[in-house]
Amino acid sequence: MPPVMEVSQLGVLSDTPDFKPAGESLGVWRTPNFPGYLFKKYNAEVCRKVDPAVLDRLIQQPHVLSDPSEAAFLAASTSWPASRIIEQQRTVGVIMPEAPPRMSVNWLPRSYTNPTVRHGPIPIDYLAKNDDWLEQRQIPRQSAADRDALCRSLVRVACFFEQCGLVYADWSYANAFWQPYEHTVYIFDIDGSSYGPRPHVFTSEFEDPLTPDPQPVDNYTDRYRLALLVGRIITVRRSQPDVKAALAQMAGPVPQTLLAMLSGSGDRTARPTLTQLAKVLGVLALQTKPIDKTGVGGWRPTKGQSGHFAPSRPNTTATVTSPPAAPGWRPRRDFKGGRPTHPPPANGGLFGGRAVAPPQPSDRSEPTPVLPAFRLPPPPPPTTTSMRTPPTTSSTPSPDWPAKIGGMFVIAFVVGLLFLCGYLIF
Amino acid sequence: MTEPMVKSKVLPTYLVVDTSSSMKPQEQLLNDTIDHVFEVLGNSPRVSEFAHISIVTFNTDAHVVLAMADIDQVSQLPMISCGGSTNYGRMFQVVKQRIDADIDDLGKLGRAVLRPAVFILTDGAPMDKNWAGDFDALTDKGFRRRPHIISYGFGTANAAVLGKIATKAAYLATEVDNEKEAIVSMLTSLLNTLVTSASSQELRIPEQVDGYTRVPIEYVN
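In order, the protein sequence lines correspond to chains D and X. Note that our numbering gives residue 1847 to position 360 of the first sequence, counting from 1, and the numbers run on in steps of one. Note that our numbering gives residue 85 to position 78 of the second sequence, counting from 1, and the numbers run on in steps of one.
Just chain X, with the same shape it has in the complex (with noise of 0.2 angstroms):
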């Protein structure tokens, strides 16, 4: 019998945040919450090493504010500052070019790449008219690196929207009493997210958010 190669797997993470200006007096709030995952994750070393994060704000232009990286390596965060639009579609193109490369490197480390996790915050409904078709290159099937999707949104975030545009689970803050607790809760449930995966070694939506509802994700096939 011979003995199978064994490759530590990974889980390529994507936080997408909504920076738009309707976030604007979330924004300490953002940070400090963004700080904490990333404590807590710097300090967990079997789930720093399954899941490598990258960081993608999204409003009028989307911005990779933090590179995929292992988080051990994450020396410093990048203070997010709010303004500007809601737009999807360029925040979807800018996440599939990351993911090709992302995946390239990581294969690069001898690191088995589990089909990446991306998770959308959003307050808003998108500006943009033509984001769908972005989405769609995102998500198609002929994509092989095509990413499992997971929305958040709160404010006057539209449940419609939110299941559209996500492909695992979609929530939608309904039980919280402002929003605050909205974001505290999302990036807490990223955070148990990534330590349950990393405990199964592959991707583990939770059922409940506290303060969130789950809405239907809207299937086209």
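So that you can see chain D by itself, here it is in the shape it has in the complex (with noise of 0.2 angstroms):
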């Protein structure tokens, strides 16, 4: 599919749209050209903050999984967006696959006079209810190990999160469902998120008390709302005091951790990552390819071509997990035949975010946390390749200054034998 296409090729829409306008869409449309794909049209405000670039980057972001069963596990949990849709240059939607009809089961809604059964994917909201609540409504009762399955396999999507420096911001209620025979999840509205921190995205009843609005939500807030939802699953708890007491009377790192991660004893970048949550809980995270600089995990072909993203470049910072913030964009040498596809924006982030800096590789198996939130990125790691070159202006002294001297030693050799040449025939 081609990564930014014209809302023309998604075929006739029809009038009104197959799903409701919520949050930031004028509706959800399916899309008769990409069966089994939904077009998200965005409102006019989002049109107008969307940044095409850090769209068209995380729609990139499912590459740097190199182990394909890894890929599909990611496919298989996650409406990832597949492509900008784009209207006279302008961006106003996204196209994402639907839940797949594995996730539709059987189940009885209730109702006072007439019940009947639908057939649908159930809200992750349901998790959090007990197992009478599921059964007056024919959907399985949850064991323990039931709900267990169900949290490692939210957390091993959180955890590509995180290793991505992505910001989801929205982990609720409202944008997963659940497969109560598999034990598996579907996450969607995902094209929302941003690299680094971005404005308060208020989550109903998953409010971090230690991120206020309008303070902007991080990948801090993302564990305080994750640990929650995954709190409310293994509790069966809603309220977050009833949460964290049900966790405090449980053993173990599991409730250990997401207590840590609920409170974070009053500071919020002490709070565990979810590489470490996914570590006791025994998930294994996804292994992402190292990701340069850039984040750019691969080149895709220029428009007019089609078929499979070309082969990605050397990588030049092979410790590196996730894309680091840049501090801004620089030609390269090398590069003759446009632009990068994915330059993140000065910001960082979709509506308006900065970067953030990216979990180090020791975050992955060290509780280390990522760098707190404001800090300033650090410096890009050294360069040792000839992929990452210097400005072509720049005050500062060059790398290469041996070869400049070098240089200038041997024109100045040359020059003095001229002179010599010179005074001797004359």
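Calculated directly from the structure, the hints in this document are not laboratory data. Everything numeric in this text was worked out from a predicted model, so none of it was measured. It is possible that part of the hints are untrue.
[To be verified] Distance ranges between label pairs, derived from CB positions: (1) X/M86 / D/N1593: 25 to 33 angstroms; (2) X/D217 / D/V1604: 43 to 51 angstroms; (3) D/F1506 / X/G140: 18 to 26 angstroms.
[Said to hold, decoys possible] 20 angstroms max Cα-Cα, derived SDA-like pairs, lysine to any residue: (4) X/K175 / X/D141; (5) D/K1616 / X/R53; (6) X/K187 / X/E34; (7) D/K1731 / X/K16; (8) X/K14 / X/D111; (9) X/K14 / D/D1729; (10) X/K14 / D/L1746; (11) X/K16 / X/D141; (12) X/K14 / X/A119; (13) D/K1616 / X/S15; (14) X/K115 / D/P1728.
Backbone N, C-alpha and C define an ideal beta-carbon position, used for all residues, glycine too.
Could you use the hints to bring the two separately framed chains together as a complex?
So this is what it looks like as structure tokens:
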């Protein structure tokens, strides 16, 4: 699927959306030319604010997964945006996969008069209800092991966000389905994610007391919100105090880690990472290919071409696992064929956030949290290959100054030799 | 930095329905539509835990036919029947009494209680003369728990009266083919209001209601 498409390429859309407008969209349509995909059309405000480069980068993000089975897991667990949709060069939305049929099950909505079995996906909200409530709706009871399995699936995806430096910000009851027989989840509304902090996103019943509105949301907020969601699923309690009280009664590293994520002892930056939560849950984090400073994991065909992505270019920062903050963009001397496909904007986020420093490799196995929000990005790793070149205009000394001095010596030597020859001849 | 206490918000919601004799032809529809509203809300835990609902009917007198409850806990709904005249005064008295009692109860549950929302559906003008005093008592600034009132009128409802008994918004059905449409549209509006309000954790009133025209609210200060 082309990463950018004209809205007309989707086919003739129905007059009214297949799914009602909600939040940032004017509605969601099924796409006649791409069965199984949905077109989310942004409202005017989002169209104005959206950064196409960030959206493009997000669309490409799953390509950092080199293991096909892990890529398949991500695809099966998320409605990852597949293509940016434009109209007269302006971004108007995205298309994304519809929840796969396996997520839909038969269940019986509560009814006072005429109960009728419904076939459809089940919101994750229901997981925070007890087994009797589920059983009344003919949804299978969920054992502690079932709930653990669901949480592992959820955390594995969330971990991927954190590894990539993505802030999802919308972990809540509203943005995921779950499968009561397979114990898997399906997460959507990913297109609103940002690389780094962004303006506050209000999420009903998931507000972080240490990130109050209008404070920007970031990875620390994600840790709180995801921990609350996982805590609600595990404890089958809904209010935050009840969840914490129930976790405090439980033994083991999982409740302890969740409690630390929910409180952070008053310091949000002290919250354990999602990677740490994954570790105590026994979740195997997705292995991302090293991502270089640009955040570009590969190159895609230019307009007019079709087919698969070009092979990844050589990695220049092999030890970095997620895209670091780029303080700015500079031309690549060796790049002649156009502009980079995914230049992150200066603000780093879809809705105006600033890029945040990525977790360092040790974060993937150690409890060290990702760098706190609002801290300046770390300096870029040292240049090791010719792929990363210094700016063409720079006031700082060039790293290849020995070569330049050597060159000057050669020139001086030749000029001197010429003078000497002239003197000897004349 | 100390950790702030997190309290779940709850919106006490009153569905106040005119059940005077003029509503008799719509009795079954009224019951069916209320069933539908409760079914939708009962299958949406995040809405039902945010909005607790009570149903008050009024005709010659006013009655609490469903006490304030978490929709999740409502196992059966009342069968509403219509008859009698349309008296507003008693209705406002009962709503005020219930608000006082219900907010106390919700507070005891450890919830952060929002200003109540009262949705009034009526198809005619009041037949009692002195209802204004009861309305004033309910909406008086000195009454700390005074509710937001949203009124919906159809049939012979009077736009001026609708505007007087609302504090937040008033709607008059002007573009509906029949009274059934008016009732369904009103209750759908109520449903959407609660769903939207649950997402934002505050009362969000729709700008438009299908088939209804928004009428000006009369301000007295």
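Evaluation of the provided hints:
1. X/M86 / D/N1593: 25 to 33 angstroms: For X/M86 and D/N1593 the Cβ distance comes to about 30 angstroms; the hint holds.
2. X/D217 / D/V1604: 43 to 51 angstroms: violated (29 angstroms)
3. D/F1506 / X/G140: 18 to 26 angstroms: violated (48 angstroms)
4. X/K175 / X/D141: holds (18 angstroms)
5. D/K1616 / X/R53: holds (10 angstroms)
6. X/K187 / X/E34: holds (10 angstroms)
7. D/K1731 / X/K16: With Cα atoms ~18 angstroms apart, D/K1731 and X/K16 stay inside 20 angstroms; holds.
8. X/K14 / X/D111: Between X/K14 and X/D111 the Cα gap is close to 15 angstroms, so the pair holds against 20 angstroms.
9. X/K14 / D/D1729: holds (10 angstroms)
10. X/K14 / D/L1746: Satisfied, since the Cα-Cα distance of roughly 17 angstroms is no more than 20 angstroms.
11. X/K16 / X/D141: violated (28 angstroms)
12. X/K14 / X/A119: Given that 20 angstroms is the threshold and the Cα spacing comes to 6 angstroms, the pair holds.
13. D/K1616 / X/S15: holds (16 angstroms)
14. X/K115 / D/P1728: Holds: X/K115 and D/P1728 sit about 15 angstroms apart, inside 20 angstroms.
In summary, the structure is inconsistent with hints 2, 3 and 11 from the numbered list given earlier, while agreeing with the others.
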